[in-house]
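A.B. asks: In case you want the letters, here they are:
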Amino acid sequence: QQPVQSPQAVILREGEDAVINCSSSKALYSVHWYRQKHGEAPVFLMILLKGGEQKGHEKISASFNEKKQQSSLYLTASQLSYSGTYFCGTEVMGTSYDKVIFGPGTSLSVIP
Amino acid sequence: NAGVTQTPKFQVLKTGQSMTLQCAQDMNHNSMYWYRQDPGMGLRLIYYSASEGTTDKGEVPNGYNVSRLNKREFSLRLESAAPSQTSVYFCASSPRTSWNEQFFGPGTRLTVL
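Chains as they are written, first to last, in this note's numbering: chain A, 1 to 112; chain B, 113 to 225.
FYI, nobody ran anything at the bench for these hints, they're computed from the structure. Please read these numbers as outputs of a predicted model, since none were measured by experiment. From the three backbone atoms N, C-alpha and C, an ideal C-beta is built for every residue, glycine too. Some clues are possibly wrong.
[As the list claims (entries may be wrong)] Quick list of in silico lysine-lysine cross-link-like pairs, DSS-like style, CA-CA up to 27 Å: (1) A:68 / A:55; (2) A:55 / B:183; (3) A:37 / A:67; (4) A:26 / B:169; (5) B:183 / B:169; (6) B:169 / A:50; (7) A:37 / B:121; (8) B:183 / B:126; (9) A:50 / A:67; (10) A:50 / A:68.
[As the list claims (entries may be wrong)] Covered by chain B, per the in silico footprint, the following chain A stretches (three or more residues, Cβ under 8 Å): (11) 16 to 26; (12) 70 to 77; (13) 99 to 108.
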């Protein structure tokens with residue numbers, strides 16, 4: 001039931017773009033994105049809801065394809081501060097209390 | 113506002129010992145969660161509490177028990193610790209379960225020898 005994330009790891013130079021993908025085998029109610037810096041707690045980035053609603057940080061861009069049960073996080077003009085591990089979390093349709101199940105994470109390193 | 117606090121920050125146990133991890137939030141949130149984080153595995157949900165008075169199993173509940181003591185506090189107990197429970201444990205809270213941002217505590221690093 002854990003969502004799949006790709007790539008597992010990516011290295012970027014400052015200013016480059018990256019896309020992180022998240023997919024599920026089950027119909028989804030929503031997709032959540034979090035970033036965790038080394039040694040710190042995960043921090044919320046964005047939630048995308050079935051039907052098109054979303055909320056989160058204005059500088060973060062993401063998409064949610066309900067039919068394909070996939071979401072993508074777009075990081076443009078990357079900065080050193082973007083480095084960290086990115087987790088997607090999915091809420092599966094039909095489960096009680098709609099708990100969030102997180103994927104294994106994508107490690108992003110931005111170098112000068 | 114302290115947000116979500118966890119105690120202790122670090123703990124070393126011997127196999128078979130028991131301990132309780134404490135979590136408290138001051139944001140008046142209804143829902144609280146316990147996760148464990150292991151390298152390459154992401155965040156795995158152990159137990160959660162959708163509201164005061166309710167608890168439910170997550171992905172990996174075996175070997176753990178929880179208590180939602182009141183709206184603010186949600187504790188995680190290891191009755192008989194095993195080396196496989198060596199991990200970083202995060203507590204989180206949200207206004208409610210669905211469609212809501214989760215706020216995470218700083219984590220507890222637990223080692224079981």
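A.B. asks: For the segment 99 to 108 of chain A, do three or more residues have a beta carbon lying closer than 8 Å to a beta carbon of chain B?
C.D. replies: holds (count 7)
A.B. asks: Decide if the proposed pair is consistent with the structure: residue 55 of chain A and residue 183 of chain B, CA atoms, cutoff 27 Å inclusive.
C.D. replies: Measuring from Cα to Cα gives roughly 26 Å; hence the hint holds.
A.B. asks: Would the pair residue 183 of chain B and residue 169 of chain B pass a check requiring their Cα atoms to be no farther apart than 27 Å?
C.D. replies: At roughly 18 Å apart (the allowed maximum being 27 Å), residue 169 of chain B and residue 183 of chain B satisfy the hint.
A.B. asks: Taking a Cβ-to-Cβ distance below 8 Å as contact, does the segment 70 to 77 of chain A have at least three residues touching chain B?
C.D. replies: Violated - the segment 70 to 77 of chain A has 0 residues with a Cβ nearer than 8 Å to chain B, which falls short of three.
A.B. asks: Against chain B, does the segment 16 to 26 of chain A show at least 3 residues with beta-carbon separation below 8 Å?
C.D. replies: violated (count 0)
A.B. asks: Residue 26 of chain A and residue 169 of chain B: Cα distance at most 27 Å?
C.D. replies: Distance of about 19 Å is within 27 Å: holds.
A.B. asks: Do the alpha carbons of residue 169 of chain B and residue 50 of chain A lie within 27 Å of each other, as the hint requires?
C.D. replies: 25 Å, holds
A.B. asks: Is the straight-line distance between the alpha-carbon of residue 37 of chain A and that of residue 121 of chain B 27 Å or less?
C.D. replies: Satisfied, since the Cα-Cα distance of roughly 17 Å is no more than 27 Å.
A.B. asks: Given the hinted pair residue 50 of chain A and residue 67 of chain A, is their alpha-carbon gap at most 27 Å?
C.D. replies: 10 Å, holds
A.B. asks: Just to be careful, I want the Cα atoms of residue 50 of chain A and residue 68 of chain A compared with a cutoff of 27 Å; is the pair within it?
C.D. replies: Holds: residue 50 of chain A and residue 68 of chain A sit about 12 Å apart, inside 27 Å.
A.B. asks: CA of residue 183 of chain B to CA of residue 126 of chain B, is that 27 Å or under?
C.D. replies: Status violated; Cα separation ~32 Å.
A.B. asks: Against the 27 Å threshold, does the CA-CA distance of residue 68 of chain A and residue 55 of chain A hold or violate the hint?
C.D. replies: 21 Å, holds
Violation of the numbered hints given earlier is confined to hints 3, 8, 11 and 12; the remaining hints are satisfied by the structure.
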